[in-house]
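Asks: Spelled out from the first residue to the last, the chains are:
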Amino acid sequence: MMSPARNLSSTTWKAFFGLLIMAVQLLPIYITLTVALKGQTELSSVWAFPARPLWDNFVQAFVAGKVARAFLNTAVITVAATAAVVILGALAGYPLARARSRLNTLVNDFILAIMMIPALSLLVPLYVLMNRLHAISTFQGIIPIHVAFNFPLTVFLFTNFMRSLPRELDEAAFLDGCSVYSIFYRIMLPLLKPVTVTSIILTSVAVWNDFQFSVYFLQKSGMRVITLAINGFFGISGSNLHVGSAAALLSIIPVTVLFLFLQRYFVSGMVAGALK
Amino acid sequence: MNKIYSKANILYIPVLLILALYVVYPFFDGIRIAFTNWNGFSQKFKYIGLANFARLLTDDSVRVAFVNTLIYGFGSTLLQQILGLFCALLLTGPYRGRTVVRTVIYLPVLFSAFVMGAMWYYVVQYNGALNDIVTLLGHAKVFWLSQHTVTVSLFVLINTFQYMGVSMVIYIAGIKAIPVTYLEAATVEGAGAWRRFGQIILPLLFPALLTSITINLIGGFKLFDLIMALTAGGPGYTTHSLATLIYATYFGGQQAGFSAAIGLLLFLTILFFTIVFNRIVRGQEVEFT
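Residue numbers (the working numbering), protein chains in the order written: chain A, 1 to 276; chain B, 1 to 289.
Derived from the structure by calculation, the hints contain no laboratory data. Owing to the predicted nature of the structure, the values given are computational and were not obtained by experimental measurement. Watch out, some of these pointers could steer you wrong.
Under the rule of at most 35 Å between Cα atoms (straight-line distance), these lysine-lysine pairs were calculated in the DSBU-like manner [unchecked claim]:
| # | chain 1 | residue 1 | chain 2 | residue 2 |
| --- | --- | --- | --- | --- |
| 1 | B | Lys-3 | A | Lys-14 |
| 2 | A | Lys-193 | B | Lys-3 |
| 3 | A | Lys-14 | B | Lys-176 |
| 4 | A | Lys-220 | B | Lys-44 |
| 5 | A | Lys-193 | B | Lys-7 |
| 6 | B | Lys-46 | A | Lys-220 |
| 7 | B | Lys-176 | A | Lys-193 |
Chain A extracted, bound-state conformation (with noise of 0.2 Å):
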């Protein structure tokens, strides 16, 4: 038995580590945001929260820094990169799951080594390639790319998926009369949902967040996502620390919202994704 003095020294003790990690994880947005609701003139110590919040430079965020346009631009890449990973993924997953052949034990082993290249080893040759593509600073030419880096891990999990579900729901559809192809759509499809939600939040998150890929593949400023917009910020030509801090703070919403309302299907997911 603890003495309850002790019981209390320890869950003071807990309750101070528990604040000093949240302070810590929470300080750079803290910072970041008394930051963007202050003028450029402000000298007041960026700790001080201002005492008349000034917005504008999340206006000035929006019309000057062509935010909006690279908002547009990361959500249609995401989409469009998230929507192909998962469809044809899925569709992948299905045949390595079920048909079990040398060949087919072959392509899985292949796809599971693709995952060991660094996508920032192959960037040189990516860009050789790209350029050859005439895709350099175009959506038919970045969403590709994404969409490859992505695959391994999205067909892994449908391939994973698919195996723990029983062979006798295929079984008494064939026997019914159903196709291979109509085997998947009508009896794997309706029960993938998990496994596709954490592909979309596993993949959508990386393509949002990217910049790796972003800033050697996309550089005509009309094509800018969100992370080379905040990057333009900061560089020698445009830079503006106040209206880069509020450009920071809203690519870093969506996410945040997501994650607050649907928490328990990404921490699922990523753990599952990290697991591999």
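Please build the complex by placing chain B on the supplied structure of chain A, with the hints as guidance.
Replies: Coordinates of chain B only, in the frame set by chain A:
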């Protein structure tokens, strides 16, 4: 049934075609480019044998970037395990406001590492939040972003804070999988909190530990966004990782051939550690009976 299913094999052809074009072909083309002196845009180039690979061994920027990459990888991994495990233990017992704390710790995982770097800029810049505290304590302001060792350590810390939620979540799942009876039995036998941790929780968490280490290590080796947001590898090349050095060598240095060779070095580094840790993981599966 198997034969009938095989008809569905055409369903994975689109995936294979896209992977072939965007991953397999560039992978081999990258090896080819690494044997050339191509500058990245000219029509002319020569095959120069192993010169680029020889340069990997002697070039000072590669040496610095390689050492930094290992520091980013191992440094953040070590801290993430300590903090992640600490948070997991803190938040699996009775704890008021547990969900809120977990949410706040995990939230940065979902942010773009580039945006995270941009937000930390307001904290660590010369007139930023951190130097306000330094001044308050009576010291001279510190150049957090332009001193080799300080800046590299700072990147390790920022990367740790952003992704320690991943380790925390893995450890929470691991702790929850430990049968309560084990811990109860140990308590009855008179084991204190530290012994329960050292002799039951930690050994049973070993698989989770290895998983978490592998993920964090690979993530740390690939550090790119954060560096690009805060220093772009500078001053000089002191804070480069291999990933940012690839970018700088290609676009800034116009040495596509050498850049491709650094790409191969990054690939082999990550492959090496992935294989090593997978080997260890396989030998360490623990089953709860």
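Asks: Indicate, hint by hint, whether the structure satisfies it.
Replies: Hints, one by one, checked against the model:
no., hint, in the structure
1, B:Lys-3 with A:Lys-14, "violated, 60 Å"
2, A:Lys-193 with B:Lys-3, "holds, 27 Å"
3, A:Lys-14 with B:Lys-176, "holds, 19 Å"
4, A:Lys-220 with B:Lys-44, "holds, 26 Å"
5, A:Lys-193 with B:Lys-7, "holds, 24 Å"
6, B:Lys-46 with A:Lys-220, "holds, 31 Å"
7, B:Lys-176 with A:Lys-193, "holds, 25 Å"
Hint violations for this structure: number 1 only, all remaining hints satisfied.
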